[in-house]
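Asker: Same order as they appear, the protein sequences are chains A and B. In this text, residue positions in the first sequence follow numbering that gives the first Met the number 0: the first is 0, and each later residue adds one. In this text, residue positions in the second sequence follow numbering that gives the first Met the number 0: the first is 0, and each later residue adds one.
Hints in this document: simulated from the structure, not taken from any laboratory. In this text the structure is predicted, and so the values were computed from the model without any measurement. Do not rely on the hints blindly, as some may be mistaken.
Said to hold, decoys possible - Below, in silico cross-link-like pairs of lysine-lysine (DSS-like), each with a Cα-Cα straight-line distance of 30 angstroms or less:
no., chain 1, residue 1, chain 2, residue 2
1, B, K81, B, K136
2, A, K4, B, K81
3, B, K143, B, K70
4, B, K81, A, K3
5, B, K53, B, K70
6, B, K81, B, K37
7, B, K53, B, K143
8, A, K69, B, K4
What the hints assert, rightly or not - Some residues of chain B that are not near chain A, with every Cβ distance over 12 angstroms (derived):
no., residue
9, I52
10, S60
11, V76
12, F111
13, D120
14, Y125
Note that the Cβ used here is the ideal one computed from N, Cα and C, for glycine as well.
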Amino acid sequence: MFSKKDYLLLTAVCTLILLAWLYVVDFGRPPFEPASYISQVIFDAYTVVVVAAGVVASIFIGAMVYFTVKFRAGDHGEGEGP
Amino acid sequence: MERGKVLEYLTIFGAAAILGFLAYITAVGLYVVDNYGKTVGKAAFGTGEYEVIKVYARQFSWVFEYPNGTKVFNELVIERGKLYKLEITSLDVVHSFYIRELGIKYDAVPGFWYTMWLQVDKPGVYNIFCAEYCGAKHYLMLAKLIVVG
Chain A
0 MFSKKDYLLL TAVCTLILLA WLYVVDFGRP PFEPASYISQ VIFDAYTVVV
50 VAAGVVASIF IGAMVYFTVK FRAGDHGEGE GP
Chain B
0 MERGKVLEYL TIFGAAAILG FLAYITAVGL YVVDNYGKTV GKAAFGTGEY
50 EVIKVYARQF SWVFEYPNGT KVFNELVIER GKLYKLEITS LDVVHSFYIR
100 ELGIKYDAVP GFWYTMWLQV DKPGVYNIFC AEYCGAKHYL MLAKLIVVG
């Protein structure tokens with residue numbers, strides 16, 4: 000049911016979403032040049048959180064998009080109700 | 000173990016690992032930020048090698064009280080690289096002391112004092128905002144942090 004091609008496509012979709020996310024958040028770079036050690040700590044946490052959120056979101060959204068397309072209703076009866 | 004189970008466990012424990020890592024990073028960062036004055040050189044806290052500046056928030060301005068008792072409205076002047084302990088409170092409603100460029104934000108709550116350690120290494124002028132809606136003129140509650148040196 001789930002072939003190697005499916006895994007590859009799912010991985011590709013998730014990777015694309017992750018890349019789009021990283022582009023939008025400027026690859027986790029802080030919005031300002033840290034002006035002190037305290038700011039450095041805060042902006043480091045920002046980078047880690049925004050990248051980790053991107054990983055989780057890309058897997059979730061990627062799987063949702065891929066499964067929505069793969070198991071959409073078609074002529075073969077899949078996806079139909081009882 | 001069947002493949003489905005492996006994927007299920009990977010999802011559960013993978014998510015738990017990511018959340019645990021984020022919690023660790025956050026906890027360590029919060030500890031460092033909140034205890035900065037106690038940890039930096041171990042000397043600052045014990046010998047008072049820092050200046051205490053009281054910050055009063057009120058509708059719709061910031062009041063900064065220096066150690067010699069001078070009170071200044073909407074302008075805080077500090078030296079580059081020097082450590083300051085800001086004690087923040089509010090005189091009326093809840094406000095929030097926010098310096099965007101430094102990434103710091105502390106609530107100002109009536110009846111409570113919050114400690115914020117401040118050390119800025121880059122001279123310049125930074126905007127201080129109120130980040131908690133505090134009334135009709137909330138948008139006018141602006142101040143400047145001027146770092147000299």
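Asker: Take the hints in turn and mark each one as holding or not.
Answerer: Hint-by-hint comparison with the structure:
1. B/K81 - B/K136: 33 angstroms, violated
2. A/K4 - B/K81: 59 angstroms, violated
3. B/K143 - B/K70: 14 angstroms, holds
4. B/K81 - A/K3: Violated. B/K81 to A/K3 sits at ~60 angstroms, over the 30 angstroms cutoff.
5. B/K53 - B/K70: Between B/K53 and B/K70 the Cα gap is close to 9 angstroms, so the pair holds against 30 angstroms.
6. B/K81 - B/K37: The given pair, whose Cα atoms are some 14 angstroms apart, holds under the 30 angstroms limit.
7. B/K53 - B/K143: 15 angstroms, holds
8. A/K69 - B/K4: 21 angstroms, holds
9. I52: 16 angstroms, holds
10. S60: 24 angstroms, holds
11. V76: The assertion about B/V76 holds, with a minimum of 16 angstroms to chain A.
12. F111: B/F111 clear of chain A: closest Cβ-Cβ about 21 angstroms, beyond 12 angstroms.
13. D120: 5 angstroms, violated
14. Y125: 8 angstroms, violated
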